[in-house]
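Chemist: So you can see what is in the structure, the chains are spelled out below.
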Amino acid sequence: MLITAERLNYTYNPSSPFSTQALKDVSLTIGEGEFFGIIGHTGSGKSTFVQHLNGLIRIPSSLKKYKKRKPKKGEVPAPEPVLRVGEFDLTDKKTDFRALRAKVGMVFQYPEYQLFAESVKEDVAFGLKNFSPRPLSAEETEEAVRAAVELVGLPYDEIKDMSPFELSGGQKRRVAIAGVIVTRPEVLVLDEPAAGLDPLGKQEIMDLLHKIHKTWCKTVIFVSHDMDEVAENCTRVAVFAEGQVRFVLPPAELFLHAEELISLGLDIPLTAKICRALSRRGIEISCDFTTEDLIRSILACAKERGCVC
Amino acid sequence: MLKDVSFGQYYPVDSFVHKLDPRFKLLCLIAYIAMIFVAANFYGLAVCAAFFLLAVAASRVPFRKIMRSVKGILFIAAFSAVLNVFFYRGETVYAEWGIFRITYEGIIFSIFLVVRLFLLVMFSSLLTYTTTPMALTDGLENLLTPLKLLRLPVREFALVMSITLRMIPTLMDETERIMNAQRARGADFESGGLIKRVRAIVPILIPLMTSALRRADELGDAMDSRCYMGTYTAGAAKRTKYKKLAFTRRDLIGLLFAGALIAGVILTKVYLGSLL
Numbered sequence: 001m002l003i004t005a006e007r008l009n010y011t012y013n014p015s016s017p018f019s020t021q022a023l024k025d026v027s028l029t030i031g032e033g034e035f036f037g038i039i040g041h042t043g044s045g046k047s048t049f050v051q052h053l054n055g056l057i058r059i060p061s062s063l064k065k066y067k068k069r070k071p072k073k074g075e076v077p078a079p080e081p082v083l084r085v086g087e088f089d090l091t092d093k094k095t096d097f098r099a100l101r102a103k104v105g106m107v108f109q110y111p112e113y114q115l116f117a118e119s120v121k122e123d124v125a126f127g128l129k130n131f132s133p134r135p136l137s138a139e140e141t142e143e144a145v146r147a148a149v150e151l152v153g154l155p156y157d158e159i160k161d162m163s164p165f166e167l168s169g170g171q172k173r174r175v176a177i178a179g180v181i182v183t184r185p186e187v188l189v190l191d192e193p194a195a196g197l198d199p200l201g202k203q204e205i206m207d208l209l210h211k212i213h214k215t216w217c218k219t220v221i222f223v224s225h226d227m228d229e230v231a232e233n234c235t236r237v238a239v240f241a242e243g244q245v246r247f248v249l250p251p252a253e254l255f256l257h258a259e260e261l262i263s264l265g266l267d268i269p270l271t272a273k274i275c276r277a278l279s280r281r282g283i284e285i286s287c288d289f290t291t292e293d294l295i296r297s298i299l300a301c302a303k304e305r306g307c308v309c
Numbered sequence: 001m002l003k004d005v006s007f008g009q010y011y012p013v014d015s016f017v018h019k020l021d022p023r024f025k026l027l028c029l030i031a032y033i034a035m036i037f038v039a040a041n042f043y044g045l046a047v048c049a050a051f052f053l054l055a056v057a058a059s060r061v062p063f064r065k066i067m068r069s070v071k072g073i074l075f076i077a078a079f080s081a082v083l084n085v086f087f088y089r090g091e092t093v094y095a096e097w098g099i100f101r102i103t104y105e106g107i108i109f110s111i112f113l114v115v116r117l118f119l120l121v122m123f124s125s126l127l128t129y130t131t132t133p134m135a136l137t138d139g140l141e142n143l144l145t146p147l148k149l150l151r152l153p154v155r156e157f158a159l160v161m162s163i164t165l166r167m168i169p170t171l172m173d174e175t176e177r178i179m180n181a182q183r184a185r186g187a188d189f190e191s192g193g194l195i196k197r198v199r200a201i202v203p204i205l206i207p208l209m210t211s212a213l214r215r216a217d218e219l220g221d222a223m224d225s226r227c228y229m230g231t232y233t234a235g236a237a238k239r240t241k242y243k244k245l246a247f248t249r250r251d252l253i254g255l256l257f258a259g260a261l262i263a264g265v266i267l268t269k270v271y272l273g274s275l276l
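Going down the list, the sequences are from chains A and B.
If you read the first sequence in the numbering used here, its first letter stands for residue 1, the second for the next number, and so on.
If you read the second sequence in the numbering used here, its first letter stands for residue 1, the second for the next number, and so on.
There could be a bad hint or two in this list.
FRET-style restraints, in silico, Cβ to Cβ [what the hints assert, rightly or not]:
hint: 1; chain 1: B; residue 1: L83; chain 2: A; residue 2: R7; range: 53 to 59 Å
hint: 2; chain 1: B; residue 1: L83; chain 2: A; residue 2: S132; range: 24 to 30 Å
hint: 3; chain 1: B; residue 1: L83; chain 2: A; residue 2: R98; range: 46 to 52 Å
hint: 4; chain 1: B; residue 1: V13; chain 2: A; residue 2: K129; range: 27 to 33 Å
hint: 5; chain 1: B; residue 1: D173; chain 2: A; residue 2: A138; range: 33 to 39 Å
hint: 6; chain 1: A; residue 1: Y66; chain 2: B; residue 2: S191; range: 18 to 24 Å
Hints are computed from structural coordinates only; laboratory data are not their basis.
Source: prediction; values computed, not measured.
Positions of the beta carbon are idealized from the N, C-alpha and C atoms, including for glycine.
Kindly produce the complete structure, drawing on both the sequences and the hints.
Modeler: Rendered as structure tokens:
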């Protein structure tokens, strides 16, 4: 599903002393099949943006009580925002937001804290039952739940009757992800999926996301503040700052904006840092800024220069 | 959205009333409530109203914000006013059906009652608009200090209160996040009958409870690791305060006004007689 957003604005607590504008004229297009990264600091608007994608935050014109304001004389009306996800027009009151949510799965930060059911099986089936237009038979449910739990790499038969609270932290997170992908959404959105994990756990989650991307969900969008995570995994990256999209690039080009990224308080990828450090010493290395490629290039360069290693 | 409900409704501006000592403000509220009930006629209430308007002006809180607090008691006020109009045993009768009797005295008394209620609620809300919950508990703790003589754990009581107040916005945020997460999994909280709605709460309540318990646990650990000890724990040293409350000249001015209020209300009571 193609996602098109144009001129999105959003303000928290409007007309109060606490009001903050979280999105300012955000325009972004995310194609089908992308593994899209969104990076930015806390408060940059990245989470607010992704919550628009499945209608958890609604565009005013899609709300029932919304009435179109007549422009005053001589006033040029502000251009209307646009937000389309596949065939869904999110600015329209008639849009079926439940159907949309079945197509756009959303995994929140620390998803393990949303588990509630008595058993893993029931918890994963929660979304399935909610979205299904007709009551599902026990076999159908079991089959779908098994597939989802196994896709996230957990032994279904062992854990299906366990309480989700008995699992380890990493397992809980996987179960929570299974609970979202069980409805086979076409787009999967994840907010900081690797937050609070050790480096190995992070890598495992990223591998899992790639697996989901290849098999079940055509488009994966993930929000992060870790530059390395984004640079290593994404096809394209959108950099958010102060509620605006600063740039949208393939990760290999992030390097070209190093100064700006640093001034935004964002790190540049570690690989880019190494390349910069080498370049300052007169060693130019070309690579696409993934760890493996960097190592290969450095080794090749070392060989060229006759180093023994 | 839950976030729109700012708890304690503190209105963050810098003003004379905001800067007053919270202890003074608490005592002032008590005195004010007492004066509203001492006031025996409309002159007395006029003095109270004047004091209230002066306080609002000095607080820089928009008047419509304070008016909002009246909404909550509108029903009670209307209810008691109607009851009084019909049942007050007055002498100047306007109309009468069976046990209902509308009298001049009844109408006057109803108006008196409603004004009294409104002033009470609006003045109390002014306290929460101008004082942070933290300052409020601090002031309360300080005022309750004499109870320490009875070996009551005043400090712990204040601590429990401030932790509670501190956690309300956190739990509100948490609730919203969990609701969103379940909504994203197709949960529906807005439609269906009573039973369906109550059942829809389970997927919010359980994660919220576990998260509250987890937070409590973490906070306990954090306090332990900073060597927190209760007042009556053996070996506990006397605690000192980071922010010391101090009575300033500003509070003296406030005190003068409060004195004028008390004197005014008592004088109107003594010299201008009772309502009816």
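Chemist: Decide, hint by hint, whether the structure agrees.
Modeler: Against the structure, the hints come out as follows:
1. L83/B / R7/A: 53 to 59 Å: Given about 56 Å between the Cβ atoms, the range holds.
2. L83/B / S132/A: 24 to 30 Å: violated (54 Å)
3. L83/B / R98/A: 46 to 52 Å: Taking Cβ atoms as reference, L83/B and R98/A lie about 48 Å apart, which means the hint holds.
4. V13/B / K129/A: 27 to 33 Å: violated (50 Å)
5. D173/B / A138/A: 33 to 39 Å: holds (37 Å)
6. Y66/A / S191/B: 18 to 24 Å: holds (19 Å)
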